[in-house]
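Respectively, the protein sequence lines represent chains A and F. In terms of the working numbering, the first sequence opens at residue 1 and continues consecutively. In terms of the working numbering, the second sequence opens at residue 1 and continues consecutively.
Possibly wrong hints are sitting among the right ones.
No copy labels: a pair is met if it fits in one copy or bridges any two.
Said to hold, decoys possible - Once the Cα atoms are required to be at most 30 Å apart in a straight line, the calculated DSBU-like pairs of lysine-lysine come out as: (1) K150 to K506; (2) K29 to K359; (3) K262 to K150; (4) K500 to K235; (5) K71 to K506; (6) K358 to K477; (7) K506 to K230; (8) K303 to K422; (9) K524 to K381; (10) K262 to K562; (11) K150 to K381; (12) K381 to K71; (13) K506 to K72; (14) K71 to K500; (15) K424 to K522; (16) K279 to K240; (17) K477 to K240; (18) K263 to K477; (19) K29 to K477; (20) K422 to K392; (21) K392 to K303.
If you're looking for bench data, these hints aren't it; they were derived computationally from the structure. Remember, predicted model here, so these are calculated numbers, not experimental data.
2 protein chains.
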Amino acid sequence: MPQNIVVIGAVALGPKAACCLKRLEPDSKVIMVDRDNLISYGGCGIPYFISGDVSEPDQLQSTSFHMLRDKKFFLDTKDINVMTNTEAISIDREKKNVLVQNFSDGKRRELPYDKLVLGTGSSPRRLPVSGSDLEGVFLVSDLNKAIAIKREIAEGKVEKAVIIGAGAIGLEIAESLADLWGIETAVVEIMDQILPGIISPNMARMAQYHLEENDLSFYLGEKVERFEGKTRIEKVVTNKRTLNTDMVIMAVGVTPNSDIAKKAGLEVSANGAIVVNKKMQTSDPDIYAGGDCVEITNLITEKPGYWPLGSLANRQGRIIGRNLAGGNAEFEGAVGSFVIKLFEISVASAGLSLESAKKEGFDAISAFVVQFDHAHFYPEKDLMYLELVVEKGSGQVLGIQGLGNTGDGMMGRISAVAPLLKYKVTTEDISNLELPYSPPFSSAMDILNALGNTAENILAGRNRVIEADEFADWWEKRDNGDTLFLDCREWGNAQPFVEKYPEHWKSIPQGELRTRLAEVPKDKKLVLICNTGVRSYEAQITLDQMGIRDSYNLQGGMAALKKWGQPILRILKS
Amino acid sequence: MPQNIVVIGAVALGPKAACCLKRLEPDSKVIMVDRDNLISYGGCGIPYFISGDVSEPDQLQSTSFHMLRDKKFFLDTKDINVMTNTEAISIDREKKNVLVQNFSDGKRRELPYDKLVLGTGSSPRRLPVSGSDLEGVFLVSDLNKAIAIKREIAEGKVEKAVIIGAGAIGLEIAESLADLWGIETAVVEIMDQILPGIISPNMARMAQYHLEENDLSFYLGEKVERFEGKTRIEKVVTNKRTLNTDMVIMAVGVTPNSDIAKKAGLEVSANGAIVVNKKMQTSDPDIYAGGDCVEITNLITEKPGYWPLGSLANRQGRIIGRNLAGGNAEFEGAVGSFVIKLFEISVASAGLSLESAKKEGFDAISAFVVQFDHAHFYPEKDLMYLELVVEKGSGQVLGIQGLGNTGDGMMGRISAVAPLLKYKVTTEDISNLELPYSPPFSSAMDILNALGNTAENILAGRNRVIEADEFADWWEKRDNGDTLFLDCREWGNAQPFVEKYPEHWKSIPQGELRTRLAEVPKDKKLVLICNTGVRSYEAQITLDQMGIRDSYNLQGGMAALKKWGQPILRILKS
C-alpha cells in the first residue's frame, strides 16, 4: 500500500533512502526536507573543490552523467518532492507528523508521515575559545562554507593559513591550500601525532614527514588558546607559540545532529548519537535514522562506534530504503575503513590501530612490512608500507594500515582485508590470502601474505623486532656503548655507515654470517638492519641458532628509516 | 630432532618449503634437486622477459635485494644444498631414499630422507600434430626456453608469429611479441572466445577488441591441423586457413608432472595430478607435494581443482615447510583468482564465470556494471567493467570478473571479493562491502557495491537485462520491426542515433518519461539504453509502474557497447 514518507536531510543518507524506496514502491509519496539550498552533494569532495581539482560546486552535486541533483532533478527523475531552505522543527510521534519551517518566508507546515527518516547529519565542532567568531575563521560544515572559503582564497585574501586539527578533513584541506594555491599552511593538533586514533605513531610520522617535504608545517601536542584579530583573524595563539595567519579552518571533529530526535523522545546515546537497531530503526519503529547522526556497531570491539563517513551513510540509506518498503535488510555495523590522499602518497586503514586496540583492552602486537606492490623484477613498481595489528594468543587480526605512493594499490590491499575483519580472521588467513597474481600488479607472495607471515613469526617469538622510533631512541643513546648496529646488507650498502660510525655500525652480510660469527660481540645488544627487514630476520635466526639471542630486527629496515625521515640517513646524501 | 629433507624441484614450491623449514628447524639438513641449471625464478615473469620489460634472465632469478638465487645463494644465505642438472629417477618409500642422476656426468646417487617434498611442477602440452618438432616451434616450458625464444627474436628471425592458445600465457606472450618487438602476431584458439573458462564471452569479446586494436589477430574456434616447413616452421594450417609464420609458440595448457609419484605408488588423480590432503601430504604421510603437480580443493564447487599458479605454489610451500617442522598448517584450497595485463587494460577474475557455474550445475545469473573507479567528480578516473556471478535463490556469490584500464584498481576490486568467496557471501554482503572511501580512490558507493545492488535487483526480477551480445543480435534483426531501441539519455546524446535510424531509435530522456509516456509504443519490445545502465534501469521501473513490462535494460549501456566494439557506434565517428 502506498505510504507517505518524510525524509529529514537531503545530502547523503536521505536521498539514498528516498530513491531506494521509490524504486521499490513507486506509488509511495516522498517529501525530503533540508535546511540548505544545496542538496545531494558529495561532501567528501569538498577539499578537492577548495583545491580546484573540482572547479565548480555543481560538479559535486551532479550525477556521473552530468545532471545536477537539484529539486527539479529529484522531481523529474525520481518523483520525489524536495523542500530546500526548510528546517524540521519538531516531530509529533502521536499524530505522526513533522513540523517544518521555510527560512525564506518563515511559514510553518505540518507534514504527515507513515514512516519518517532522520538523515540529519553532523555539525563540525567549534573550539570554545575567544575569537572563534572572527572573520576568516571557518568551519567546513557544508558546501556553502566551502564556496565561501574558496572565494576568499581566489580574491587573494589568504597568504597564510592555519588548520586546527590533523584528522582526515584537516589534512585534506591543508593539502588543498598548500598544493594548488601555494598558501603557507600550518596544522595545529592537540594530540602528538597526525591522524590520531587512525594510524600508529610510526606510520603517522612517515606521513607527516612526507607532508613536511611538501611544505606543510606541524605543531603537534599544542592547544589553541585563542584567536586574535580586530575584525578579521590575525593570530592563532597556542600554549606554545603565536602563529600569524590570514585564515583559520577548524577541523576538530563533528557532533551528531540529534536535537530533534532527543526532543521527540527518541533514544540518544551519551555522545549525542541517535541509537538505532540493525534495521536502522530508532526507538520508535516508524522512525528510521542513519548516517552521521547515528551510532552503529563496531564489528571488532562489538561496542557502539561512531564513523561520520559518506560511504557508510550511503550503505545505510539503501538499507533504510528497503525496510521502508517492507523489507528486512540489516546493517550489521562497520570496522571503520579509511583512505586519504596526501600529496603523492596515500594512507589507508581498516579496523583498530595498535594504540586503539590496547585502549580497547586487547593484548596486541603489530607487524610492519615493506615490500613492492608489484613483482620486484617488474619495471614499474613502488614500495608499500603495511602494518597489521593482531591479538596475542588468538592471532586474530584487529586492524591493518598502510602507506605508499600507489593509491589504487594501497586501496586494494586494505580493501582485501577490511571485509574479512568481521569474520575474525587470523594471521594464518592473511598468510594464505588468495589474491590475483601477475607481475605487473602483485607478487607471487603479495605484501599482504608477507605481512601475515611476519605477524605470525612475531607472535611465535621467532622474530624479535623494533620499529623506527625505537631505533631512533637507541641510536641517540649509542654512546652508552651497549648496542651494536649490525648491517646485514652487502658491503657496498653498509660502507658509508661503517666509515662514519666505526664504533657503532658493523657490516656482516647475511650470507657471510655463518662463517663470520666470531666477529659478533656476545656482550652487546644487536640491532639487525637490512633494506626491508627480510635478511635481518634471517640473520636473527642464524644468531639464535648459535646461541646469540639479544638481537632485534629493525622492521622495514632502511626503507622504514628513510620514510620516517631518520637523520642518520643524511650521511647518504653528503 | 634434526631431519634429512629432500626436495624435488627448485622453482617455486620447493625453495619456499625448504627455506620455511630451515627457518623453523635450522639444524635440519635440506637437499634440493632440480633437472634444470636455472632455479628459483619467477616463471610468471617469462612474458616480461621475452618482451624486454625485464632485460636479463638473472632479474627473474634474483631477490628484491638483487642477489642471484643460485646454488651459492641457497648454501650461503639459507644453508640449503642444491643439486642442479639432476633428475630424480625414483623413490624407494621402504628404504626412504630418492635415486637421482646428474645430467652432466651421468652419475647416480641415493639421497636418504626422513621427509620428502615433491615440487615437480607441470609440463606444457604439445599439440599432437605433424610438424610440432620443426625449428621455431616452441613450448614455454621454462626460463631456458624463453631465453631461446628471445634470442631468435633478437637475431631478427621473426617477423610473423603464431600463438596457439588464447589462455593467459598465450595472450601474455602474444602481447610481448607484438608490443615491444613489433612482430605481426596471430592467436589461434580452438574455443570460440579468448580466456575460455576464465571470463564470460561478453567480457572476452571486450578484451579481444582491445587486443585487436593493438594489432593482434585472432582466429577463434579454429583447430590446428598441422605445422608445415622444411626444417623451420613456415605455415600453420588450421581447419579453416593457412597462416604464414616464422615462429610458433604453443600455449595450450599444462599437465602435472607426476610420473615419479605414480611410479612410487602414490595416489594420483585421473587427470594426472598428485592427490594431497589439507596438510599437503600425499598418500604417504612422509611425502609432501604441492604446486603445479597437485590438485587442490575448489572452495566454491568443493570438488578437486587444478590451478598451476606460482602464487598458490608459494603459499603451499610455506604450509609444507611448517608441517615438515612438525607444524599443523592447512591449505584449505582456492577459488582461483586471476589477473592479466593486456596492453593498456587488465582483466581479472576470482571464482566461477557464469558459464563455468552453469557447467558445475549452479542455477546462476550474472550482473554487469560499468562505473568509474574513483569518485565521478574527481578529475583522474577511469571506467571499470565488472561482472558478478550469483546463484539464484541463495544469492550466493560464485565469482567476479572485471576489465578496466586501471590495473591496480581492478586488482583491488577482485582482491576485495576473492577472499570472501569461501565464506559463501551473498549479493547483500557485496552491496554492503565496507571499502575505504576517498574521492581520489573510490566512490561513496563503490562499483563493487553497485554490482551487489544490481545483482540483487536482477535476482528480484526488478531489473530485466540484456547484454551487449544480445543487443547486437536484436539490433541485427531490427527490420523485423518488433523492437524499439529507447534511448534514455539527454537529447544531445541520442540525436545522432535517432537521425540515422528514426524507425528504430527513439529518444525520451529518463527524466521526461513520466510526462511522455504516451509516446511509448505498447506493442513493441523495448530496449532501454543509457550511458552505463543506471538511468535505463530507472526508466524500466517507471515503465513497469505504468504497466509497460516488455522492456530490457542494456547492462553497462553505451559504455559496454563501446568496449565491445559494436558497429552501431561507428555513426558517432562519421
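Evaluation of the provided hints:
no.	hint	verdict
1	K150 to K506	neither (55 Å within a copy, 43 Å between copies)
2	K29 to K359	neither (47 Å within a copy, 45 Å between copies)
3	K262 to K150	neither (35 Å within a copy, 74 Å between copies)
4	K500 to K235	neither (45 Å within a copy, 66 Å between copies)
5	K71 to K506	between (71 Å within a copy, 27 Å between copies)
6	K358 to K477	within (28 Å within a copy, 67 Å between copies)
7	K506 to K230	neither (60 Å within a copy, 64 Å between copies)
8	K303 to K422	both (13 Å within a copy, 27 Å between copies)
9	K524 to K381	neither (38 Å within a copy, 54 Å between copies)
10	K262 to K562	neither (51 Å within a copy, 53 Å between copies)
11	K150 to K381	between (36 Å within a copy, 24 Å between copies)
12	K381 to K71	between (47 Å within a copy, 28 Å between copies)
13	K506 to K72	between (73 Å within a copy, 24 Å between copies)
14	K71 to K500	neither (69 Å within a copy, 35 Å between copies)
15	K424 to K522	neither (42 Å within a copy, 54 Å between copies)
16	K279 to K240	neither (48 Å within a copy, 61 Å between copies)
17	K477 to K240	within (28 Å within a copy, 78 Å between copies)
18	K263 to K477	neither (60 Å within a copy, 63 Å between copies)
19	K29 to K477	neither (72 Å within a copy, 41 Å between copies)
20	K422 to K392	both (18 Å within a copy, 25 Å between copies)
21	K392 to K303	within (20 Å within a copy, 35 Å between copies)
Hint compliance for this structure: hints 1, 2, 3, 4, 7, 9, 10, 14, 15, 16, 18 and 19 are not met, and every other hint is.
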